[in-house]
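Given the sequences, and given the hints that come with them, work out the whole structure.
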Amino acid sequence: MTLTGYAYLKENWLNLLVAVHVISAIVGIGPTYFGHVLLRQGQTLGQLRQSLGLSASLEKFPKIGGTIAVLSGLALVWLGDYGWDQWWIIAAIVDYVVIQVVVIAFMAPAAAKLGAKAAAAPIPAESPVPQTMAAELSRVNAINYVATILGIVLFALMFFKPTF
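Residue 1 is where the sequence shown starts when you use this note's numbering, and the numbers rise one by one after that.
If you're looking for bench data, these hints aren't it; they were derived computationally from the structure. Note that the Cβ used here is the ideal one computed from N, Cα and C, for glycine as well. Take the hints with a grain of salt, since some may be wrong.
Within a straight-line C-alpha distance of at most 16 Å, the following computed EDC-like cross-link-like pairs (lysine to aspartate or glutamate) qualify [to be verified]:
no., residue 1, residue 2
1, K161, D85
2, K117, D95
3, K113, E136
4, K161, D81
5, K161, D95
Label pairs and their calculated CB-CB ranges [to be verified]:
no., residue 1, residue 2, range
6, P109, A19, 29 to 37 Å
7, K63, L16, 19 to 27 Å
8, V27, V98, 14 to 22 Å
9, I64, V146, 20 to 28 Å
10, I90, E126, 45 to 53 Å
11, A56, Q86, 34 to 42 Å
12, L54, G83, 35 to 43 Å
Below is the structure:
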């Protein structure tokens with residue numbers, strides 16, 4: 001990095017913090033959108049097992065990216081020209097908390113229950129998913145849609161920064 005580049009970063013550290021915030025938010029909430037591919041109907045039991053395993057592997061991204069997004073967002077409010085008097089900030093924080101509740105309290109346990117049933121099923125991998133598991137898969141996917149919609153609201157709040 002040249003001296004000019006260093007001086008630019010030093011003068012514009014808040015822009016760097018915004019970049020960290022945006023990238024970590026995308027990484028943190030991205031697996032929620034990818035989950036619709038993994039939780040699709042019409043899979044064989046083997047595909048469902050693999051999809052649930054991949055879904056479990058993707059959980060580290062929201063944990064890491066989401067934590068960085070929250071911390072960098074709070075730092076932006078405290079250090080930047082934002083303020084706690086802007087309702088979109090409070091709405092975004094509340095929305096993020098609701099997303100966490102939906103995913104941690106509802107989606108993760110439902111997916112874990114489905115994963116345990118899929119792993120224990122004495123059915124060949126190339127068989128279709130049994131109706132009882134397909135119904136549970138639909139429930140998990142419906143919960144994922146709730147998280148997805150809330151994530152879109154979150155991004156809209158941060159992008160448009162609405163004021164009333």
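Each hint tested on the structure:
Under the criterion of a C-alpha separation no larger than 16 Å, the hint pairing K161 with D85 is consistent with the structure, at around 12 Å. Annotation: proposed proximity of K117 to D95 is violated, straight-line Cα distance about 32 Å (limit 16 Å). Taken as a hint, the K113 and E136 pair is honoured in the structure, with Cα atoms around 9 Å apart against an allowance of 16 Å. Between K161 and D81 the CA atoms are separated by roughly 13 Å; this keeps the pair inside 16 Å, and the hint holds.
Note on K161 and D95: the hinted pairing holds, with a Cα-Cα distance of about 14 Å set against a maximum of 16 Å. As the Cβ distance of P109 to A19 is approximately 35 Å, the hint placing it in 29 to 37 Å holds. Checked against the given bound of 19 to 27 Å, the beta carbons of K63 and L16, roughly 23 Å apart, stay inside it. The given range of 14 to 22 Å is respected by V27 and V98, whose C-beta atoms sit roughly 20 Å from each other.
Under the hint 20 to 28 Å, the C-beta atoms of I64 and V146, about 23 Å apart, fit the expected range. Remark: the range hint 45 to 53 Å for I90 to E126 is upheld by a beta-carbon distance near 51 Å. Take A56 and Q86: their Cβ atoms lie about 37 Å apart, and the range 34 to 42 Å holds. Take L54 and G83: their Cβ atoms lie about 41 Å apart, and the range 35 to 43 Å holds.
Of the hints listed earlier, the one the structure fails to meet is number 2.
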